[in-house]
Amino acid sequence: AQSVSQHNHHVILSEAASLELGCNYSYGGTVNLFWYVQYPGQHLQLLLKYFSGDPLVKGIKGFEAEFIKSKFSFNLRKPSVQWSDTAEYFCAGGSTSGTYKYIFGTGTRLKVLA
Amino acid sequence: NAGVMQNPRHLVRRRGQEARLRCSPMKGHSHVYWYRQLPEEGLKFMVYLQKENIIDESGMPKERFSAEFPKEGPSILRIQQVVRGDSAAYFCASSRPGTVGNTIYFGEGSWLTVV
Chain R
64 AQSVSQHNHH VILSEAASLE LGCNYSYGGT VNLFWYVQYP GQHLQLLLKY FSGDPLVKGI
124 KGFEAEFIKS KFSFNLRKPS VQWSDTAEYF CAGGSTSGTY KYIFGTGTRL KVLA
Chain S
5 NAGVMQNPRH LVRRRGQEAR LRCSPMKGHS HVYWYRQLPE EGLKFMVYLQ KENIIDESGM
65 PKERFSAEFP KEGPSILRIQ QVVRGDSAAY FCASSRPGTV GNTIYFGEGS WLTVV
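Just so you know, the protein sequences line up as chains R and S, in that order.
The working numbering numbers the first residue of the first sequence as 64 and each following residue consecutively.
The working numbering numbers the first residue of the second sequence as 5 and each following residue consecutively.
Some hints here could point you the wrong way.
[Stated by the list, open to error] Listed next, the in silico DSS-like pairs over lysine-lysine satisfying Cα-Cα at most 25 Å (straight line):
#  : chain 1 : residue 1 : chain 2 : residue 2
1  : R       : K134      : R       : K112
2  : R       : K174      : R       : K164
3  : R       : K132      : R       : K112
4  : S       : K75       : S       : K31
5  : S       : K48       : S       : K66
6  : S       : K75       : R       : K134
7  : R       : K124      : S       : K75
8  : R       : K112      : R       : K164
9  : R       : K112      : S       : K48
10 : S       : K66       : S       : K31
11 : R       : K121      : R       : K164
12 : R       : K174      : R       : K112
13 : R       : K134      : R       : K164
14 : R       : K121      : R       : K174
15 : R       : K174      : R       : K132
16 : S       : K75       : S       : K55
17 : R       : K132      : R       : K164
18 : R       : K164      : S       : K66
19 : S       : K75       : R       : K132
20 : S       : K75       : R       : K112
21 : S       : K66       : R       : K134
[Claimed, not checked] Chain S regions said to be covered by chain R (calculated; three or more residues, Cβ under 8 Å):
#  : segment
22 : 40 to 51
23 : 108 to 117
Calculated from the structure, these hints are not laboratory results.
Every value quoted in this text rests on a predicted model; they were computed, and no experiment measured them.
Where is the CB? At the ideal position from N, CA and C, for every residue including glycine.
Taking the hints into account, I'd like the entire structure generated from these sequences.
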């Protein structure tokens with residue numbers, strides 16, 4: 064069965080610390096992968112996406128993610144977090160034949176301490 | 005360039021009442037999707053619509069829930085006889101037609117509270 068899992072449900076970091084949020088997927092075929100961020104009371108915003116090509120994807124706000132096919136992973140990273148990165152982060156996957164039916168992970172709540 | 009617009013942002017209903025959530029897609033987008041986010045859970049796909057057509061409703065509960073996207077006007081997600089378990093955030097998203105792999109863009113969500 065198709066699934067996307069995020070193992071870290073809550074992460075607390077100090078400003079300037081490095082961030083890595085895990086995301087693993089299980090899909091039968093070729094998959095498109097996404098990271099979204101949701102600030103409190105706001106809509107989901109796309110941080111970055113991977114469809115094909117370079118497995119290291121650069122996104123907005125200094126975020127990046129690496130697609131490692133052998134590990135079925137698409138971890139999100141940021142070298143130095145800021146207080147304003149406090150939000151919930153969702154990994155999502157969609158098959159190339161029906162990307163509308165995204166499967167979302169349960170989310171990771173990041174709190175950055177000033 | 006307005007994004008996906010949803011209203012109301014917050015809706016409170018008593019058990020047994022009806023809830024109607026509206027979604028206007030981004031300009032140029034003709035595909036609409038509804039997702040539900042239950043507390044402490046990720047978003048779950050509910051339904052995918054194009055103008056006047058339901059393409060995939062495999063994520064919709066079998067009873068009380070319906071969705072439409074008329075030729076004119078916004079898409080509507082309708083929940084009849086709401087129960088406490090319907091309390092959730094409902095997100096609408098839209099995308100352009102055509103290319104497989106198009107990114108979908110989300111609205112700000114409608115938070116439904118059933119009391």
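Outcome of the hint check:
1. R:K134 to R:K112: holds (18 Å)
2. R:K174 to R:K164: violated (29 Å)
3. R:K132 to R:K112: holds (15 Å)
4. S:K75 to S:K31: holds (14 Å)
5. S:K48 to S:K66: Between K48 of chain S and K66 of chain S the Cα gap is close to 15 Å, so the pair holds against 25 Å.
6. S:K75 to R:K134: violated (45 Å)
7. R:K124 to S:K75: violated (38 Å)
8. R:K112 to R:K164: Holds - the C-alpha atoms of K164 of chain R and K112 of chain R are around 15 Å apart, at most 25 Å.
9. R:K112 to S:K48: Holds, at roughly 19 Å.
10. S:K66 to S:K31: violated (31 Å)
11. R:K121 to R:K164: With Cα atoms ~24 Å apart, K121 of chain R and K164 of chain R stay inside 25 Å; holds.
12. R:K174 to R:K112: holds (23 Å)
13. R:K134 to R:K164: Holds: K134 of chain R and K164 of chain R sit about 23 Å apart, inside 25 Å.
14. R:K121 to R:K174: Given pair K121 of chain R, K174 of chain R holds - Cα atoms ~22 Å apart, limit 25 Å.
15. R:K174 to R:K132: violated (29 Å)
16. S:K75 to S:K55: holds (6 Å)
17. R:K132 to R:K164: holds (21 Å)
18. R:K164 to S:K66: holds (18 Å)
19. S:K75 to R:K132: Not satisfied, since the Cα-Cα distance of roughly 42 Å exceeds 25 Å.
20. S:K75 to R:K112: The hint is violated at about 31 Å.
21. S:K66 to R:K134: Answer violated: K66 of chain S to K134 of chain R is near 37 Å, above 25 Å.
22. 40 to 51: Holds, because 6 residues of the segment 40 to 51 of chain S bring their Cβ atoms closer than 8 Å to Cβ atoms of chain R.
23. 108 to 117: holds (count 6)
Checked against the numbered hints listed earlier, the structure breaks hints 2, 6, 7, 10, 15, 19, 20, 21; every other hint is satisfied.
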